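Given the coordinates of chain A, assemble chains B and C onto it according to the supplied hints.
Protein chains in written order, with the numbering used here: chain A, 1 to 85; chain B, 86 to 208; chain C, 209 to 440.
Because the hints were derived from the structure by calculation, they are not lab data. Mixed in with the good hints, there may be bad ones.
Unchecked claim - Computed list of lysine-lysine pairs in PhoX-like fashion (alpha-carbon distance at most 25 Å, straight line):
| hint | chain 1 | residue 1 | chain 2 | residue 2 |
| --- | --- | --- | --- | --- |
| 1 | B | Lys-160 | A | Lys-74 |
| 2 | B | Lys-193 | B | Lys-107 |
| 3 | C | Lys-211 | A | Lys-26 |
| 4 | B | Lys-134 | B | Lys-107 |
Values in this document were obtained by computation on a predicted structure and should not be read as measured data.
The primary structure of each chain is shown beneath.
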Amino acid sequence: MAENILIIVLSTISLIAAVFAVVTKKTINAIISSGVVSLMASITFLLVAAPDVAMTEAAIGSGLTTVVFLYALKHVRGQRSSRDD
Amino acid sequence: MIILITGLLLIIIGFWAMLTRKNLIRIIIGFAVMDTGINIVLVAIGYVKGKTAPIIDKAVTMAQGAEAGIQAVDKVVDPVPSALVLTAIVIGLAVTALMLAYAIRMYKTGNSLDIDDFEEQKW
Amino acid sequence: MIKYILIFLVLIGMAWLFFPLVVEFFTPDITNNLAANYVFGSAADLNMPNAVTAVVVTYRGLDTLGEVTVLFLATAGVGFFLKRKKHMEGIRRPGSEILKTGSEILAPLIIIFGIYIFTHGHLTPGGGFPGGVVMASAFLLLLMANENFGFSHGIINLTETISGIGYVLIGITGLVLLGLNHFLDPRWLGLGQWGRLFSAGAVPLIYSFIGLKVGAEMSGLLDSLQSDGGEQ
Numbered sequence: 001m002a003e004n005i006l007i008i009v010l011s012t013i014s015l016i017a018a019v020f021a022v023v024t025k026k027t028i029n030a031i032i033s034s035g036v037v038s039l040m041a042s043i044t045f046l047l048v049a050a051p052d053v054a055m056t057e058a059a060i061g062s063g064l065t066t067v068v069f070l071y072a073l074k075h076v077r078g079q080r081s082s083r084d085d
Numbered sequence: 086m087i088i089l090i091t092g093l094l095l096i097i098i099g100f101w102a103m104l105t106r107k108n109l110i111r112i113i114i115g116f117a118v119m120d121t122g123i124n125i126v127l128v129a130i131g132y133v134k135g136k137t138a139p140i141i142d143k144a145v146t147m148a149q150g151a152e153a154g155i156q157a158v159d160k161v162v163d164p165v166p167s168a169l170v171l172t173a174i175v176i177g178l179a180v181t182a183l184m185l186a187y188a189i190r191m192y193k194t195g196n197s198l199d200i201d202d203f204e205e206q207k208w
Numbered sequence: 209m210i211k212y213i214l215i216f217l218v219l220i221g222m223a224w225l226f227f228p229l230v231v232e233f234f235t236p237d238i239t240n241n242l243a244a245n246y247v248f249g250s251a252a253d254l255n256m257p258n259a260v261t262a263v264v265v266t267y268r269g270l271d272t273l274g275e276v277t278v279l280f281l282a283t284a285g286v287g288f289f290l291k292r293k294k295h296m297e298g299i300r301r302p303g304s305e306i307l308k309t310g311s312e313i314l315a316p317l318i319i320i321f322g323i324y325i326f327t328h329g330h331l332t333p334g335g336g337f338p339g340g341v342v343m344a345s346a347f348l349l350l351l352m353a354n355e356n357f358g359f360s361h362g363i364i365n366l367t368e369t370i371s372g373i374g375y376v377l378i379g380i381t382g383l384v385l386l387g388l389n390h391f392l393d394p395r396w397l398g399l400g401q402w403g404r405l406f407s408a409g410a411v412p413l414i415y416s417f418i419g420l421k422v423g424a425e426m427s428g429l430l431d432s433l434q435s436d437g438g439e440q
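If we strip away everything but chain A, and leave its shape as in the complex, we get (with noise of 0.2 Å):
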């Protein structure tokens, strides 16, 4: 039973993220949020007796993902503030 309630807390949580990531104006917001989801489900695989995927999605979807992510976002940005000024 109270697992039930944490796997409904966690879909809850990673689905609202998701619309966020979606609709959110600004693109780093939307970084983040995907992060969300990404941390959100690895924990939904460690409930559902999947530690090894667990493990691996919370380094890679949550960590490695999001800095990828904010690496390319620095390129974009830095190359735009260059040519205003």
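Showing chains B and C alone in chain A's frame:
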């Protein structure tokens, strides 16, 4: 069940993002969300009610070797989806990085991230 | 306007396609035959507690070889799109004092943790893929903290090459020693004792090679994304 529906909804949300957004980086974020959804669906299909992870340790059985295999068979979940998703996540990161690199390259040649500005690649 | 209606219809159609999957889905009570066979085989044939590793490295070993190839190709593609320029260093901001001091203590520990994860992949959850990624995150920490930190591309390429060749060589050794149909069969090395580090044949070796390869590739990927590549 709830987890499966969540995964399918994440796939649909990611697809929606890929179809409606104009910014290239936002499209790639939609792809990442869709990737997570697909992984959740695959793992949820492999789940067996009330079983533990397919790693035979003291919580499953004290036996060793072949005997442990016989005893563990009806106590663990399906290992195949876990194994597939394990590699798929790493590949997903590499593919996302490749798409981002291509987006940066397009920005540097076209000076824009808007998908509508790349008219010559439209069909 | 028509575009939005079409997109809406596509999404509805997608949901309709998924609908039977949701309705007919039920969580089973018993494992199916294939899974039972794999779990039994991983304990009986390979003397390995972690069935997921058994599937990744042995039963689906050729798949994993293909995935490592895809990973290599994607990394090579990133390196191709973001060509490194020689004189673009010095633009990076240095990390704060806390980040620098913390990274000096934490980075070696994280690297050791990554090595632990991929050498114990056949006993505990984890394996080459998570271990390699954890190692790459240690390099990411160093990269963020020190503005002059750069990877020696020679070392990364060397690690990648040695791991790739080692992985294939282990597979071919199985082919030579055990006969046909035994490519990537790890049983040519002794199976050892249940639950020990040196057990389950060549699986720890294979997973260490995969871990080193994934770690080197991810580090190279982060480095090329981070650097100000591309010619103006």
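Consistency of the hints with the structure:
1. Under the criterion of a C-alpha separation no larger than 25 Å, the hint pairing Lys-160(B) with Lys-74(A) is inconsistent with the structure, at around 48 Å.
2. Our distance criterion of 25 Å between C-alpha atoms is met by Lys-193(B) and Lys-107(B), whose separation comes to about 17 Å.
3. In summary, the hint linking Lys-211(C) to Lys-26(A) is supported, as the alpha carbons are separated by about 24 Å, within the 25 Å threshold.
4. The straight-line distance between the Cα atoms of Lys-134(B) and Lys-107(B) is roughly 43 Å, outside the 25 Å bound, and the hint therefore fails.
Of the hints listed earlier, those the structure fails to meet are numbers 1 and 4, in rising order.
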